[in-house]
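Asks: These are the residues of each chain, in order.
Protein chains: 2
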Amino acid sequence: MREELIQVEGMTCGHCKSAVEGAAAGVKGVTNAEVNLDKGNVLVKMEDNADLAKVIEEIEDQGYDVKK
Amino acid sequence: MREELIQVEGMTCGHCKSAVEGAAAGVKGVTNAEVNLDKGNVLVKMEDNADLAKVIEEIEDQGYDVKK
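Chains A and B, in that order, give the protein sequences. Residues in the first sequence are numbered consecutively from 15, following this note's numbering. Residues in the second sequence are numbered consecutively from 15, following this note's numbering.
It cannot be assumed that every hint is accurate.
Intra- or inter-copy, both count: the list cannot distinguish identical chains.
[Unchecked claim] Using 25 Å as the maximum straight-line C-alpha spacing, the simulated SDA-like pairs for lysine to any residue come out as follows: (1) Lys-42 - Ser-32; (2) Lys-42 - Val-80; (3) Lys-53 - Glu-23.
Keep in mind that the hints were calculated from the coordinates and are not lab data.
With the hints as constraints, model all of the structure from the sequences given.
Replies: Quick look at the structure:
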C-alpha cells in the first residue's frame, strides 16, 4: 500500500470533490480517495502495483488539471 | 409561456450548472432552464401555470440559496 498526494486545479465545490474522488476510486488498486477542496489536492491510497498515471488520467478526463 | 430570471447563490462550476438546470427542468411545465455561472442566475422558461415556488424549492434542495 502507498499514498499519493495529487495536486488538482479547478475543484470548486462538492460536485467537483465527488467527481475527482469517483474518478480516482474507479482505478484498479485504489482503495481510497479523499479530496481536500481548500488545499486543492486529493489523497489517494492504493495498492503498490496500482497505476498512478491512470489515476491522473481519469482525473483529467473529468476536466481538471493535475499539477505534475 | 413566461420567463423567470432567478438569482442563485453558490453555483461555482459546470456540475453546479447541471444540478440547477436539472432541478428546474424537472418541474412540471418548465420547458427550459439555462444557468449563467458568471451572473449567478438561471433563466427558466415555463408554461403560464407552472409553479415557480416549486422550481425554487427544487433548486434549494440541491444545496443552493435562492435570492428572493
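Asks: Taking each numbered hint in turn, which are not upheld by the structure, reported in ascending numerical order?
Replies: Of the numbered hints given earlier, the structure breaks none, since each of them holds.
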